[in-house]
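Peer 1: Keeping their order, the protein sequence lines are chains A and B. The opening position of the first sequence corresponds to residue 139 in the working numbering, with each subsequent residue numbered one higher. The opening position of the second sequence corresponds to residue 11 in the working numbering, with each subsequent residue numbered one higher.
Hints are computed from structural coordinates only; laboratory data are not their basis. In this text, all values refer to a predicted model and were calculated from it rather than measured experimentally. Misleading hints may appear alongside valid ones.
Unchecked claim - Covered by chain B, per the in silico footprint, the following chain A stretches (three or more residues, Cβ under 8 Å):
| hint | segment |
| --- | --- |
| 1 | 174 to 180 |
| 2 | 202 to 216 |
| 3 | 220 to 227 |
Said to hold, decoys possible - A few chain A positions that, by computed beta-carbon distances, are all more than 10 Å from chain B:
| hint | residue |
| --- | --- |
| 4 | D196 |
| 5 | E234 |
| 6 | Q235 |
What the hints assert, rightly or not - Computed beta-carbon distance windows for the label pairs:
| hint | chain 1 | residue 1 | chain 2 | residue 2 | range |
| --- | --- | --- | --- | --- | --- |
| 7 | A | P193 | B | G115 | 43 to 49 Å |
| 8 | B | L85 | A | R209 | 51 to 57 Å |
| 9 | B | G116 | A | A237 | 55 to 61 Å |
| 10 | A | A211 | B | T226 | 22 to 28 Å |
| 11 | B | T226 | A | P193 | 39 to 45 Å |
| 12 | A | A199 | B | V387 | 44 to 50 Å |
From the three backbone atoms N, C-alpha and C, an ideal C-beta is built for every residue, glycine too.
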Amino acid sequence: MRGLRALALLALALLGLGAAPAAAGPVPAPPGASSCSGCHGAHGEGAFAPLAGRPASDIAAALAAYRSGERPATVMTRIAKGFTEAESRAIAAYLEQQAAP
Amino acid sequence: MSGPTRRAVLGTLAGLAAAPALGQDARGRVVVLGGGFGGASAARALHRAGLSVTLVEAETTYTACPFSNEVIAGLQPLAAQRFGYEGLRRAGIAVVHAVATGIDGGARSVALADGSRLPYDRLVLSPGIALRFDAIPGYDEAAAEVMPHAWKAGAQTELLARRLADLPDGGTVVLSVPANPYRCPPGPYERASLIAHVLKTRKPRSKLIVLDAKDTFSKQKLFEAAWKELYPDHLEYVPLAAGGQVTAVDPGTMTVRTDFSEVRAALACIIPPQRAAPIATAAGVADRTGWCPIDPVTFESRLVPGIHVVGDACIGGAMPKSAFSANAQAKVCADAVADLMAGRTPATPKLINTCYSLVAPGYGISVAGVYRPANGVLADVEGAGGTSSLDAPMEARRAEAAYAEAWYRTITADVFG
Ligand SMILES: Cc1cc2nc3c(=O)[nH]c(=O)nc-3n(C[C@H](O)[C@H](O)[C@H](O)COP(=O)(O)OP(=O)(O)OC[C@H]3O[C@@H](n4cnc5c(N)ncnc54)[C@H](O)[C@@H]3O)c2cc1C
Chain A
139 MRGLRALALL ALALLGLGAA PAAAGPVPAP PGASSCSGCH GAHGEGAFAP
189 LAGRPASDIA AALAAYRSGE RPATVMTRIA KGFTEAESRA IAAYLEQQAA
239 P
Chain B
11 MSGPTRRAVL GTLAGLAAAP ALGQDARGRV VVLGGGFGGA SAARALHRAG
61 LSVTLVEAET TYTACPFSNE VIAGLQPLAA QRFGYEGLRR AGIAVVHAVA
111 TGIDGGARSV ALADGSRLPY DRLVLSPGIA LRFDAIPGYD EAAAEVMPHA
161 WKAGAQTELL ARRLADLPDG GTVVLSVPAN PYRCPPGPYE RASLIAHVLK
211 TRKPRSKLIV LDAKDTFSKQ KLFEAAWKEL YPDHLEYVPL AAGGQVTAVD
261 PGTMTVRTDF SEVRAALACI IPPQRAAPIA TAAGVADRTG WCPIDPVTFE
311 SRLVPGIHVV GDACIGGAMP KSAFSANAQA KVCADAVADL MAGRTPATPK
361 LINTCYSLVA PGYGISVAGV YRPANGVLAD VEGAGGTSSL DAPMEARRAE
411 AAYAEAWYRT ITADVFG
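With the rest of the complex left out, here is chain B (with noise of 0.2 Å):
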């Protein structure tokens, strides 16, 4: 640690962050790339484990994607997706807001784009996704201003919400889902139910359009029962097989382009593809998917040592990317780095998700699922997760609904509060 280096950081802290205490813990320096939930929560368990903890972190407001799709169906204010970073810091935790341009993982340090460097004995990065714009003709940035996608929280779920409370009766609303891996994998049908639920109780005459690049999808069954009971005449469901896959899009004339045929849509919803965001491919942690392959027991990187993977970025094997499992990674992975630093050797751990979707109103459903390392990935413990059961009474699915919310508000009081 040489005295000019120090001076930088603590320069870039001033104003910006008090330096904690714990800066001059000799144990080393960890730094947290991203604030999302896998780094807040990384952070704040890096934290708890006693060591020093800088979280770097490009917005001073973080919105929250779970729960965005009730936003958008006019069930909840976007209000309650947006939190600070005040709870992290009374934590004791060093915040500094600035957009990270590189990574120079052998001389271990994070670039900041004020041209300061911010070094590191072990990295966290969490930095979540990047949409790509190169994988639909037609769905470039611009055009996601008018085909909204909403699959980053904040001005584009806003302004999916404006288009579908503006949207006249009778006017066909189109949704196209992106082929695995991708973030949320029941959120996009999810949306499609939330967004049908609105079709049936406002708009009677209207109609959505499921476009999917696949034939099958997290909890189908539970989905498709619920949208044949609830949205016969509101949805229509077209999988890979029957044409789904989204070839084009033409934002000027509104059409959605497929194999087998094109749609002229009033209101039109684009999840594209995604991988990695970009500081993780500057990093040299992605591979040529786009993600980042990880150890599954303390998620450091296979390509580059001394930084760790985790949330939507990391290769998670039968995890899927989730807010839920970004947080049960970063925990894992905070006591793994603690470990590590201490001269530990970390052990086997489990990890469990849970994602919960609402289907209408006071009507959830969930996957669950428990996980280990196994082949040098993270696989399913088997006996364990799957579906709520296809045959549960409307009591559990209330019961379940109510659930939903009480993860929302546990999940962020425990990464953010």
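For reference, chain A alone in the conformation it holds in the complex (with noise of 0.2 Å):
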């Protein structure tokens, strides 16, 4: 099985397929992280602040300030409360590990 992975991969890469983020496949995303790119887009599309390959800490501050209330938003309030303090740690380890667009 590993083998087959890795010889697909291999063909991936040397097909020049979509570049595979490197967490892609066996590091699974943690709750709630895979919804986050709806806005905050691999391809940082204008508005929204790229999230890929920020530091942990910084993306772990700002989702507890959104939680508390202390920082104003327009959204990133409603949506921090749904995620308890452990929760947004393992989102921010998980987008600090994606590759930066």
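Dock the two chains into a complex; use the hints.
Peer 2: This is the structure:
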């Protein structure tokens, strides 16, 4: 299985098909993390700050400030309240590992 | 995986798309049916997880619904709604343009219109909705050519946009809204707002009457506050309790009937009740409600094993039927499919939805939610989510209008780019 997977990834690389992010496959996204890119897209399309590759401590601190309401926001306060401190840290750590756009 | 079956698949793919190198992946075949927000997102996420994916989609060009209300109001060209599948192909996904006519959940294969069969180990279904042309007496497919629904973007969107542009000043416009559940809960009210904006700025003697089959709706307080402020003379809202339920239409006389009255419209937009697309029923994954019950961790059908349903077609519990939800569900579903195929137990997910609406150009509002599986369905995470605040300054409304546009660019690039 592992060998096949490695071969498959190698085939992908050789074919130059889409740069798979380093964390794809084996490192699963923690709960909630895959929803963030609905706005903070991998392509950095304008208004939303790109998160991929940002230091985890920055992301976690921002999420904590949104959760407590200390940092004002249009939408992030409503979203951040859906995640515990531990979940927020896991998401932040995951996002840090994603290739920056 | 038998030889002939494999050849049949390759036969189908030949000339349509180059079979990807990963087609030999021994861990199994995943087919995604439906190349809209849910299906195209699922195909990408499955591919990223290292699985071999074939995406089946009837159309060669996808026409997106989000921002189609802006097209109707003449604020954006329809061309901005169109997306091709080159981006998915470039990423290494096999895209087959064919209509699926049936799904054999026992034999695990999808039947295509050309008679060929596509075998799968797991199928992700995101076929969207069917409009129920049996729900409102008089409102059938022919009537929709006169009284457009424009609830599937494309020719219907153009038709409604043209009719609105051609509306004589002084003409009455009727918009009928169905009961829950339906695609995009705030969508009809965004449409009402933007039609009222057109009337106010270009047809000041006209008026919009919104006939609603329910009494409460998404972002209601925000919409109603904005209507009072912006469109006091151009928008009249009639809830169910005041006789808002449309009981029949007559496209010949342009009449829209309710229990209490009859309106002669110069322009009528009828959004009928909906259900999951026909292929879901054919597959046996839709229940008596017309929608598809799913496991909230894996999105696997409660009715047919091996078939996962995401997007508008699934019963998403507290999650609304939106492009944002479809994209979020697709990613969670893809992770679960990858886990199941590798013999791992999928982790309990959390998902986000956010729907932006424009009540006027430069005036945006939003509703957000965070969801988790609870008691077998997707439930709200309490304390999270909700709408933009009622007393937010105009600056925040402007920011949310800009975020709405940014979201559309981001999500379409994420899915089709
Ligand atoms: C006016 C309007 C405004 C909206 N605004 C927003 C918004 O601002 N934000 C938001 O998040 N959502 C919005 N939505 C909702 C959004 O469009 C839907 O929720 C979204 O499209 C659902 O995605 P899906 O993948 O479930 O279905 P779809 O996008 O409908 O995709 C289904 C695909 O499956 C294909 N298909 C179906 N059956 C078959 C078959 N048998 N064989 C082959 N192919 C098949 C179809 O051709 C289609 O391409 C809006 C909707 C409307 C109508």
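Peer 1: Look at each hint and say if it fits the structure.
Peer 2: Verification of the supplied hints:
no.	hint	result
1	174 to 180	holds (count 7)
2	202 to 216	holds (count 3)
3	220 to 227	holds (count 3)
4	D196	20 Å, holds
5	E234	18 Å, holds
6	Q235	14 Å, holds
7	P193(A) - G115(B): 43 to 49 Å	47 Å, holds
8	L85(B) - R209(A): 51 to 57 Å	32 Å, violated
9	G116(B) - A237(A): 55 to 61 Å	42 Å, violated
10	A211(A) - T226(B): 22 to 28 Å	27 Å, holds
11	T226(B) - P193(A): 39 to 45 Å	43 Å, holds
12	A199(A) - V387(B): 44 to 50 Å	34 Å, violated
The structure does not agree with the numbered hints 8, 9 and 12 stated previously, though it agrees with the rest.
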